[in-house]
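> Sequences listed follow chains A and B, in order.
Counting from 1, position 44 in the first sequence corresponds to residue 44 in my numbering; the numbering is continuous, with no gaps.
Counting from 1, position 223 in the second sequence corresponds to residue 223 in my numbering; the numbering is continuous, with no gaps.
Among these hints, one or two may not hold up.
As the list makes no split between identical chains, a pair holds if one copy fits it or if it spans any two.
For lysine-lysine, the following DSS-like pairs were computed, each having C-alpha atoms within a straight-line distance of at most 30 Å [what the hints assert, rightly or not]:
1) 103 - 209
2) 209 - 26
3) 209 - 129
4) 40 - 26
5) 209 - 5
Since the hints were made in silico from the structure, they are not lab data.
Below, each chain spelled out in residue letters.
Protein chains: 2
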Amino acid sequence: MTADKATVAFLGTGLMGAPMARNLLKAGHAVRAWNRTRAKADALAAEGAQVFAAAAEAAAGADVVITMVSDGPAVLDLLFAQGVAEAAPEGAVLCDMSSIKPKEAREIAERLSAAGRLALDAPVSGGTKGAEAGSLAIMAGGTQEAFDKAAPVLSAMGRPVKVGPSGAGQLAKLCNQAIVASTIGVVAEAMLLAREGGADPAAIRQALKGGFADGTILQQHGERMTTGDFAPGGPSKLQLKDIDNTLEEAAAHGLTLPMTLSMQERFGRFVRDLDGAEKDHSGLWLELLDQNGLEG
Amino acid sequence: MTADKATVAFLGTGLMGAPMARNLLKAGHAVRAWNRTRAKADALAAEGAQVFAAAAEAAAGADVVITMVSDGPAVLDLLFAQGVAEAAPEGAVLCDMSSIKPKEAREIAERLSAAGRLALDAPVSGGTKGAEAGSLAIMAGGTQEAFDKAAPVLSAMGRPVKVGPSGAGQLAKLCNQAIVASTIGVVAEAMLLAREGGADPAAIRQALKGGFADGTILQQHGERMTTGDFAPGGPSKLQLKDIDNTLEEAAAHGLTLPMTLSMQERFGRFVRDLDGAEKDHSGLWLELLDQNGLEG
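Chain A with its partners taken away, still in its complex shape:
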């Protein structure tokens, strides 16, 4: 690994992973790709990636091994059952960019440390758009050594910030998701009050621009509430999973988070009773309408 060109194993080249790997290639890094459904990794070969049939093969010789898969068990399986941790060189950084539980990230870090590998949990925010643009928010938890080694690679995909020790990256992601969930809830209340009070919700969003209440949720999710477009985006079943994980982590620290708790109940109702599982999380609007006996 030179100062700025690394050999990177990229494990999990799905909706998010593929554009992220593509940005690594554009930045001049060598990419060794693997995906459970191999065809998705093969698509990257034309752009210069080397594709492997086994995850452990991809990890061999890598300076940084990135995992980008569905959940904690999938990361644990790759690293320890499929032999990725062992196959990676000693001193390599195993950087998990999936969204998993903080306690899983801490467990992974302990096991990797015992095996002489560096661990970094570095989940992202910004969606497929951010992945394509290379503008992801990257929330990193781990040692300074692991962060410093991975940062030049991460910078090709977005903006890495070290937020604390192992697990803190996943904790930051949960903070992000908890804020998003509750902000959707209150934007829905504002849009409903606007509509029923005889004002123009779109004009109100315009008027509030740049003020204390403004943000992406008001502008983008608020617009979805007005137009009734709930194609995901961020499906509500995943929003609910994030809320569950937030409250599990909070409970582990003895914390009560009343707003997040109430969003767990309401997203739960939306997902289970109101056919909301696959609808965008801005669809919580429909749950608020239902509470109020109103239609969309």
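Once you've looked at the hints, dock chain B against the given chain A.
This is chain B only, laid out in the frame that chain A set:
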């Protein structure tokens, strides 16, 4: 009134009103100023304002009469008991930029319309900083005629957007305040989870910049929670008043707003039981700590 230079009566030149009137003067409008405590209006004389002892005198000959006072009863008193509505020329726009209840704004508009005057409710967001910079968000409710007549004047103080008929400007302001209140609540939960989970809250705010969870509340109010600086800013007793008004307006439309309702209870507890009345609204953090048996 020429296309862009108007005669403006400015009634209420306090903390917000004075810098707003100053921007009218800078833009070349003639300003006829009045304030209950006259000394505050006198301070504007050096900058070209004409100062009057009675509000009705200031209103005489004005194209646009702006009221910027504490609440609905104060506006009603000025317009109808102190004779401002009658003193203003027929066809003048009486533009109330105070934050009052939507139903008060609708009542004022009806009475002004009956008297042959135009009404606009146009409350603002952005605080004294926005007032000084001339960058206020101005949420306007009223007829198109009233808006079109007042807009060139309002533009000297900020960015006017027509959001609906009379009362809609005040409704938009309540939407703004409701979003702010609940966003403070959830940012507090995220900052608490970050702190107790061993991450660095300041680094998390940095990492979340530009993402879905980002906004002024996360950055500014979130920082106050970390540093413990609760000098207002926006005092919690006023935040509570806004929440009360939001729920009163919601009830008038038969609406249930669960998050705003829970913020009423919690800001109420903070103001009444936890010495929070004069503390900044970001001080809701202290209420969350108290719920969790924790210290600042």
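> Run every hint past the structure and note whether it holds.
Status of each hint after checking the structure:
With identical chains, the CA atoms of residue 103 and residue 209 are at most 30 Å apart between copies only, with a shortest distance of 25 Å across copies and 38 Å within one. Taking CA atoms no more than 30 Å apart as the test, residue 209 paired with residue 26 passes between copies only; the shortest distance there is 25 Å, against 35 Å inside one copy. In this homomeric assembly, residue 209 and residue 129 come within 30 Å of each other (Cα to Cα) both inside a single copy, at 22 Å, and across copies, at 16 Å. Proximity of residue 40 and residue 26 under a CA criterion of 30 Å is satisfied intra-copy only: 18 Å inside one chain copy versus 62 Å between copies.
For the homomeric pair residue 209 and residue 5, the shortest alpha-carbon distance between copies (27 Å) is at most 30 Å, but the shortest distance inside one copy (41 Å) is not.
Hint compliance for this structure: every hint is met.
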